[in-house]
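Peer 1: Protein sequence lines correspond, in order, to chains A and B.
Numbering-wise (UniProt numbering), the first sequence opens with residue 1 and increments by one.
Numbering-wise (UniProt numbering), the second sequence opens with residue 1 and increments by one.
If you are wondering where the hints come from, they were derived from the structure by calculation, not from laboratory data.
Nothing here was measured: the structure is a model prediction, and the numbers come from that model.
One should not assume that every hint holds.
[Said to hold, decoys possible] With the C-beta cut set under 8 angstroms, the calculated list includes, among others, these residues of chain B facing chain A:
| no. | residue |
| --- | --- |
| 1 | GLU141 |
| 2 | GLY274 |
| 3 | SER300 |
| 4 | SER303 |
Note that beta-carbon positions come from the ideal geometry of N, C-alpha and C, so glycine has one too.
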Amino acid sequence: MAFNFNWSPLIADTERVRAMLTTALNKSPKPPIIVDDILVNELNLGPTPPDLEILEIGDLAEDRFRGIFKMSYTGDAYLTLKTRVQANPLNTYLSTKPSFASPQPLAASSGLTIPLQITLSDIRLSGFVILVFSKQKGVTLVFRNDPIESLKVSSTFDAIPFVREYLQRTIENQLRVLFMEDLPAIIHKLSLRMFNPEYQALEDIRSQAAEAVQPRVDPFVDSSAEAVGGERTPADGDVTETYASFSQKNLLRLAALSESQRTLSLFTPGIRDTVYRAWATTADRGQGMSGYSTPNPRIATLSRLNSSFDRSATLSSTASITSGTGSHITRPSLVSNASAPTTYALGSGRPRPHAQRKRKHRVVNLRKTAVENDASDAVSQSSGYDDSASASGSRRSKETSKSITDPSNHLPSALREGEVCTPPRSPKKIVGFTTDKADGLASSSTPSRRPITPLHKVIQPPEDDDPTPRASMVLPAKENEKRPQRQHLPRMQTLPSRPKGELYRSHSEVKLPDLSNAFNEGSTGGILEQAWMMKMASEIARRVAEEKSGGERWRRTSEGGASAGGDAPPAYAS
Amino acid sequence: MLEFMDYVQSAFYAGSRWNTDNSYASLTAATTNLLDFRTPHGVRLHVSSLSSPNFATSYTLGNKGVVDGSFSFLFSNLGVKVASRSSAVYLGHLVRGYRHLQELRKPEDASAWETVVDEKVVQKRDALLYGRMYLPGSTLEALYLRRLSPSRLLSIRAVSGAQLPHGGTLLAQLQNDQGKYTTEYLCSTDSALLGFRGLYNFGYDPRDENSQLDSSAPAHPWDHKSGRLSVGAEAYFSPMNKSGGLSTGLRFTTLPVHTGIPYTMTLTLNPLMGNLSSSYAVKAGSDLSLCTRFDFNVYSYESDVTIGLELWRRESSTAWARKMLRSAWRNAPRPAGESTFVSSDFVMKQQDATGVIKARMSAAGKASLLWEGRVKELLVSVGAGFDMKSATRALGSVGLEVSYSS
Chain A
1 MAFNFNWSPL IADTERVRAM LTTALNKSPK PPIIVDDILV NELNLGPTPP DLEILEIGDL
61 AEDRFRGIFK MSYTGDAYLT LKTRVQANPL NTYLSTKPSF ASPQPLAASS GLTIPLQITL
121 SDIRLSGFVI LVFSKQKGVT LVFRNDPIES LKVSSTFDAI PFVREYLQRT IENQLRVLFM
181 EDLPAIIHKL SLRMFNPEYQ ALEDIRSQAA EAVQPRVDPF VDSSAEAVGG ERTPADGDVT
241 ETYASFSQKN LLRLAALSES QRTLSLFTPG IRDTVYRAWA TTADRGQGMS GYSTPNPRIA
301 TLSRLNSSFD RSATLSSTAS ITSGTGSHIT RPSLVSNASA PTTYALGSGR PRPHAQRKRK
361 HRVVNLRKTA VENDASDAVS QSSGYDDSAS ASGSRRSKET SKSITDPSNH LPSALREGEV
421 CTPPRSPKKI VGFTTDKADG LASSSTPSRR PITPLHKVIQ PPEDDDPTPR ASMVLPAKEN
481 EKRPQRQHLP RMQTLPSRPK GELYRSHSEV KLPDLSNAFN EGSTGGILEQ AWMMKMASEI
541 ARRVAEEKSG GERWRRTSEG GASAGGDAPP AYAS
Chain B
1 MLEFMDYVQS AFYAGSRWNT DNSYASLTAA TTNLLDFRTP HGVRLHVSSL SSPNFATSYT
61 LGNKGVVDGS FSFLFSNLGV KVASRSSAVY LGHLVRGYRH LQELRKPEDA SAWETVVDEK
121 VVQKRDALLY GRMYLPGSTL EALYLRRLSP SRLLSIRAVS GAQLPHGGTL LAQLQNDQGK
181 YTTEYLCSTD SALLGFRGLY NFGYDPRDEN SQLDSSAPAH PWDHKSGRLS VGAEAYFSPM
241 NKSGGLSTGL RFTTLPVHTG IPYTMTLTLN PLMGNLSSSY AVKAGSDLSL CTRFDFNVYS
301 YESDVTIGLE LWRRESSTAW ARKMLRSAWR NAPRPAGEST FVSSDFVMKQ QDATGVIKAR
361 MSAAGKASLL WEGRVKELLV SVGAGFDMKS ATRALGSVGL EVSYSS
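Next comes chain B alone, as it looks inside the complex (with noise of 0.2 angstroms):
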């Protein structure tokens, strides 16, 4: 479950039209949705109010030592239009799991975004402000964001700690996402470290005017022409301790037009290392996602396998109706460009449900249940991590947290 100032950071986002799929970070997010969400530890509670559409502040309590806590601003230009009571929250905003990627769109233009004010052109440029101060440790984050152009997002992100060498460090990133493909900056003041990531996307350029969706219904399942095959790669260098990072990666997903069963197939490959990873993604029906990942490392020879779930429970007083419809008329594929939002995350296309079940279980004998919904006004995850080779850990860490948001 997000908390809620990534909520609203992810409302940001996708009010400023800015694509977080659409980048070689989030290559493998809809197996990281499913495969490696986060259990809770302990007892944390949280209260947060998005007090005004510019404005919001959280409050976080917990049980880590004798009690620790944070407590966290966020402000932003741009008014973000979302429902920020926990009663209204819908909570497929608010929990990730597969991940349905849409349509890619055309950067807009930079006319788009300019507008007169006292007959001067003024350009509006989104930012958004956060801090997030730690107790007692004092350890202060920092997010700053900021569209320079419509194909381009800054973001400054840095921590100040006294434990931290040098009492902090900063990192810098420039995205420029045109649709067809995406590149990324990354700048770190810790060690200077310097990376790069890009991303290519196959097929449909929608920078191309001619060019056209095709949405006339695949021949076969693994029709290309419903999915997207993406193709990408990151590079990390330190000249100060003159190590680096290399990966590339692979990925082949459905789109919306497709009409079977969703499904994202991944292949990422760290050359230096010899690390191979595989996954496969599938929403198996419209409350069930399943998924597989296979790790391997050719020098080590050291392999895992991690298979996980993720069931939704809804209750939805039109239940009877959609049981009713055609199943053509269901699965109808929507024409393109008619969500209002790019990204995925705020594109409601069901019910509200009132709960979600994550599990996940490796071969190595670690297993993680998580279960997150909605209980009266509030917001409950509870979760527990298991370790079934180890007879005196089995039970490694149980968590509950509770959010209230007005």
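Bound conformation, chain A alone (with noise of 0.2 angstroms):
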């Protein structure tokens, strides 16, 4: 469980909150003292987002939410006060009394008006935040204490020490006021704005009818602006999604996605920077399975991977993984089906090297920057491994793989890369079902792959975090019964890929050549030559991770990867 925190919007858009800010403290009864309306000069949050733990969660759903979080916060936010005050304390006292009692001063409560301009720094926030969330309430956000630890209130008057504490007494018992009262109103009257469009509706006719149609930059405004019109480029649509906040407008694409689950409709929309994890783990399954699957079904996965690289090249990794994950939502039913295209199967199912070579050279031109020594160090181990697979397959394969990998050794870090990345959320190249066809296209490809620089997943850190496989592989029966279906739809979905772990993944780059092999030669041959094959890419699989856990390349993740290694072969031989 995790959850993202985008703090960068909310430091870009303080112009409203400044506005709010100021209502919320102009609206309530101004002490007597106040002669002015307060203004929010400046207002800074910070680079500093504040530090949020997770205590509880009650409720969870796609449209709703209700936690308990401790917040602390020691950053550098400030904000600046700007007003006017009495300086007269006999004013402000006679101000609030009845006048027939009072002693009425001929001058003595004569006024005196000093602006003033209050910086509150160094804000220590520390206490427990229920947060809630209801897509059609908004969001409610209550201090469940005061979370105010320490304030720094430097006015024009600090060089009275009476005035200085005065202010930061007074200062700080506002804040309180504000923090326990205001703000929960605040975000929500924020909140509804968002996300409730009918509110965003009245607001936005009550904001034209007040001021004439201006530019807005605001990226709140923009989705909200969206939301009711209904209308809008695609351009503008990216240019709000930078800031990847809860905006109406992700919150419609959730939506949607959702819906999408319950129709056969083709088309899913993607969200970017979004990680599925549930189907993530799913997808796993589907990967252990896809090595037994069928031919057919791979050559699509190998149009998908292809794609997946092209998408990788331009993309970063985590993009790629949300619009895979985007096609697995789409059809819950057909999620086996979607991850047979995984890297696994792709080797092993391709029934000729060229689909490989095609692949590699997509490889090359992504890993240009990719350190040379990292990759020969893998290669040189992982094409050991190819030899001893190809022994075993075909003579012809074997030659091919060879002649593949020898040269660059690299053929491994390509299948390795083609796993961790997914294809763009439509299936832009489809790969006919017939191998002549993939093959005029791995052919063409040919030439370029040779001189290719290996890649490693170990460079690259956001994919390394997800342990999860393992899980995955244990429902491997129902993975089979579910692969027929698979074959009616492959091409419609892109391919699931998710993050891996590092061990895994070092499991794959040695399987893969192995099992491609062995099933280039199971497609040609026998049942039992592919259950053959099967045992031994596991074996293989096994003592490629036990000298690479003890090799220095992986020692950071040895340990798991010793205890990966150990689990990994069932879930292929299964």
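Assembly of the complex is requested from the two constituent chains, each provided in isolation within its own frame, with the hints serving as guidance.
Peer 2: See the structure below:
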């Protein structure tokens, strides 16, 4: 469980917050010492976000959330207020008293108004926050205790200790009220504006009537406008998405995603920068199974891989992951199908090595920046396994694989790359089921494939944090049942890929070539051979894992790798 | 326009021979009457009665909120003998304008207060009790006035209301008027505010038998013999919140012996807050008064200028006769001690007016207009406030008050 707490849009959009703070400060009856409106002059939230610790989550669904957090803030936010104060204590004193019993001084109560600028800085907050989110009712955020630990108030009157102390005391009290009462109201209002289209429409009508149409830069406002108008150019949408804020637009997309699960629509909207861990695990299951699946789906998956490479070249790995997951969501029942085209399956399912070459080619382009030393190490290991695998397999396939791997030793890495990356949201590249077509594509790309330098997942940190795949291997039987379905719809979906632990990937690196060889043969040979190949593959994988755990390169992940090596073989052997 | 109960109270002061003008609190009374008059807000109806010289009642109905109102009762052991019917009330007594200060007067002897009742010497001590209940706010105002001695007045004011801190507040005030100087001591229960006011009049000392009031015509308009110079100060201190206030004031005003145009000049200074206020009020004619005030703060450089005027309208049946009087007779100085009232409130010098227009305007853009007068049997007050600087609320407040008393 993890939440992405995006602090940057909050920093960027202080204009609206300032306006809201100003109205909130002036709404409540002000103390008589303040004789003018309080103006929020400057507001800077600073680059340091508050630390949030999840204590409890009471309710969690796609349209509602309830949880308790422990928040502590030690950032460098500051706030500057401007107002005018009445410096005559007698004046403020008498202004609150009934005139009938007041001494009615002649001139002793004459006023002296002084412009005052107060800067609040060094804000230290610590408290328990109760956050309730509902799509209909917006966000409710309540502080269960008084969150203010300390605060530094500096003002125009810092030279006078009495005034300084008074201001410090008064402002702390006011801020406590603000945090406990006003801030929840502000946030609620803001959230209503973002999440509730009707409320937005009302607000927009109001604002339109009030002010002439002006270009809006603010992401919140943009999203709201879109929600109301319903029309928007994709370019604009991208702009707003650069702030991955929890906007109306994103929510609408989420809603569209979940809706699409209930239909047979082939199009599924993708959401960037989103990770669906639940789907990722199912994808693992699919991967585990894919090695044994029939050749046809593998061909399809191969095409997926290629496309995914393209994607990875341009986009960040997270982006590609997201698109893959999006496709999963559209067809929950077909998860196994979607997952079938994983890298494991790819190598094994492909009847000809050309496909591999093509993949490699893409990899080369991608990985030019990768460190060559690392790559070569990994490759040398993997190449050895390739040989063994090919030995067990048919001669022809072995030769081809060797020819591919030997020169640059990067074949495994290429495969690995494929498994990590996911294709774009819609299947742009469709490879025919006929192997000829695939061959043609592959052959065209072969020449450039050779000089390739390898790449290692180890270098890419973002994909390594997910240790989940193990759990997914538990359910191979189900996958078998689902497999027939997969053949119907393989192309429609993009390849699901999910981040894998380094260890696991290292396994796959080794296995992939072996498996691919084995299945190359398996497709031509009988079932028995296939089974044998599987066993071999698993053994090889284990051995590789052990080696790697011993190797310096993998030392970092060795503990996990050992366990992974132990676990992994059964998944493939079954 | 004074409310009926304030009118009765001022009559009480006059009947008890208490000079309210001889106090630091009323140092700038002339300016205040001309520049700080109250304009009515909303519609308000007063029905009052002085059923006996000792007892008065008043009822008020307004439109603040849905409807609001108040009822008040007043009792005095001193018979207040003033006209109470609204058709007969002298308008000059109800509407305070430029204030003609009278000559100082020596405090009465204590023996004058003593009367022999049943062979015992009893000092008569005038007292007044007043209470007012506001509805629906349920706020109670109470006032107790008592003449402790010919030179002393004790007043206790109290307000009780649920919305007030501690449920209410009480202000006790002891005034000591020696003619030449006056002192006041104040004490408020609200944060234990203590106050002191003092006023000293230069020149003629009424207590000194030897000194004679110079009734000769002054040689030139600025001859101080025809006027009075007063200085005063006030100080407040609250030991609970350790805050206080301070101000000093200076006034020069012409006395009735002055043959020229009556005028009053005041200067008040708040040394703590740097506030400086100077005013000049002049009674340009029998029916016209003008006033200017300049406020300046030496610390914040805030300044303001306010100008105001009041114009009386009279229709008297003897106007033709007065026009035929020689001007020397018209302005002839009256011999001292002629007036029956020490207070200037109840000195009738001329025919009653039918109406008065007051206007003021300040450099800050605030302006007010007020007309008060008699319509048939009723006393009517119509006023409006303007704010020239704010476009949205140019017309600040409009009000109408109708009073009837019997």
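Peer 1: Indicate, hint by hint, whether the structure satisfies it.
Peer 2: Going through the hints against the structure:
Annotation: interface hint on B:GLU141 holds; nearest CB of chain A at approximately 5 angstroms, less than 8 angstroms. At about 6 angstroms, the closest approach between the beta carbon of B:GLY274 and any beta carbon in chain A falls short of 8 angstroms, and the interface hint on this residue holds. Satisfaction of the interface hint for B:SER300 is found here, the shortest Cβ-Cβ separation to chain A being roughly 6 angstroms, below the 8 angstroms cut-off. Evaluation of the B:SER303 hint against chain A yields a violated restraint, the C-beta minimum of about 12 angstroms exceeding 8 angstroms.
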